[in-house]
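Visitor: Residues per chain are reported as follows:
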Amino acid sequence: MLSIKTKNWMFLAAGVVILTLAGCHARPYDYEPAADEMKKGPGVFSGEDGEFTIYDSKKGDVFPQDPNTKASETTAKPTAQTSATAGAAATTAAGAQAGAQPPAKTPAGARDYQEFQEFQQWQKEKTQFHEYQQWQKSAAGSTDFKEFQEYQKWQKTGKGSSDYQQFQEYQQWRRGSRNSADYQEFLEWKEFKAYQEWKKSQQ
Amino acid sequence: MLKKKAHIGFTIMALAAAAFIISPASAVDVKISGQINRAALYADDGDTAKWFFVDNDNSSTRFRFTGSNDFENDWKVGLVWEVEMQSDPSNKVNMDDDGSDFGDVNFDERKMEFWVEKWGRMWLGQGDTASNSSSEVDLSGTTVASYSDIAAVGGGFEFQKNGVGTGITVGDSRSNFDGLSRRDRIRYDTPRWAGFYASGSAANKNRWDAAARYAGDFSWAKFAAAAAWADFGTSSDTVDGQFSSSASMLFNFGLNLTLSYATQDKAGKDPWNIFGKIGYQFLEKHAASVQWARTENLSAKDDKGDSLGLAYVFSPWKSVEFYGTYYLHMLDRDEGSDPDDINVFMAGGRVKF
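The listed protein sequences derive, respectively, from chains R and P.
Read in order, the letters of the first sequence correspond to residues 1 to 203 in the working numbering.
Read in order, the letters of the second sequence correspond to residues 204 to 556 in the working numbering.
Don't read these hints as lab results, they were simulated from the structure.
Predicted, not measured: the structure shown is a model, and the values here were computed from it.
Glycine is no exception: its CB is placed at the ideal position from the N, C-alpha and C atoms.
Please note that a few of the clues may not be correct.
To be verified - Chain P regions said to be covered by chain R (calculated; three or more residues, Cβ under 8 Å): (1) 234 to 244; (2) 423 to 433; (3) 437 to 445; (4) 492 to 502; (5) 531 to 541.
Claimed, not checked - Each computed DSSO-like pair below joins lysine-lysine, with the alpha-carbon atoms no more than 27 Å apart: (6) Lys-295(P) to Lys-137(R); (7) Lys-408(P) to Lys-40(R); (8) Lys-364(P) to Lys-40(R); (9) Lys-190(R) to Lys-321(P); (10) Lys-40(R) to Lys-425(P); (11) Lys-58(R) to Lys-295(P); (12) Lys-40(R) to Lys-314(P); (13) Lys-126(R) to Lys-521(P); (14) Lys-234(P) to Lys-40(R); (15) Lys-40(R) to Lys-504(P); (16) Lys-40(R) to Lys-279(P); (17) Lys-425(P) to Lys-58(R); (18) Lys-190(R) to Lys-279(P); (19) Lys-279(P) to Lys-153(R); (20) Lys-321(P) to Lys-153(R); (21) Lys-58(R) to Lys-488(P); (22) Lys-321(P) to Lys-40(R).
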């Protein structure tokens, strides 16, 4: 007869607990299991990033000046200075539209600002989005949904274009800075917007 | 001859394919970061009591360079070069050390590796083996003060019996058996799926290990867990293999629970360790915890090394933490009376720069 040691029962029980919890609609998140690793987050001198940037091809120069100084020199507005802070700004400043100012005149700043605007719009259209989620659940497998998926696949064939490259850079930035559940929902909303556009084009 | 030509042709085709796949970089960055973690430590072994000024080995003073390079078609390559610099490490100070430091302060390499990412991530160089940290999953927020690596604070102190050293230190009698540590190795991590991923690595002396990890956010709590198996290859005459595991849960209202269990397949002894921690995070900037750990059969068959720990961490700013921790280390020997308990108190700060 199969006999299992008490110790092994413990492992088995732990595995079952983990799998059960995993089945409870948990959202994955980036946990780096290393208690002795370096402290995460901002640094005293390095600011929000927590790292001194020696070189960044997107910023274009070695040891870039303080973004605030740069902004004042170029008379650009100081919102959404870096991709990292933009994420926090977007999350916390939702609804503070009146105070929102145009971004720094850099591609990264413009992109951040555009996304911030989209985020604000999402706040407005949340209800509609939740209806879409319901539709997604009920329509899964339907012809309508399959057609939409095919449309998405077709869109991705545009690889190599400058638009797609920009999209990849955006994704990279997003992976590094945005992990909140709220932001995940925002991304789903963006997919919903894509669906809406496709729907319009079908009419 | 034909075979040779075929080889050359194949090589040229492979290089052409590589050049096509690995096209010019679209984003490059190089960064430097570091931290200083210093503390005052007081220890009383029942015979002698002393103050020390130490580098907190829970998360040592160090700096690192990181760099990464994005390529088209989702290829990414990066590197990590991390060194630590400890003066009087908290795991090594002892009563024979009169505070004159452990000779010269050296740079010790922690990580020197590069990685390639596309379908998962592959590392080559010195760095974490797959099993490293599998005993140390901990969401308490007090890891800078204490976690399952008990010997990181006061590990060098020797148990005394009637004023005579037993020859057994705190570090000799307890361990969390945390995998193969950092080694010169090759490692692969699978892509993440629903919060799960698996890793495997192979190191010098025929050592290899495999691990599975999970991290999930249930909206009402966060949960993380890891389990690993490590084979010591020819690196040890007595240890064959080691199982290590840990799990931690942090509820949104601040309560957190952490457990760790590990065991070693060691000739004649089979030592094991169990660790538990209950913590609470409050008022955004505070975290406190109580922990207990027992290691059996490590210093000798049937020896029991118990450690009780308290920890408190205050983070007034995101880049700065102040902490205090207290440990009561006990050793229960199978033969004769037990040696005196060792009390260790440590308070300090970690500043990231």
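Visitor: Please list, smallest to largest, the hint numbers that this structure does not respect.
Guide: Numbers 3, 4, 5, 6, 7, 8, 11, 13, 15, 17 and 21 - these are the hints that the structure violates, sorted from lowest upward.
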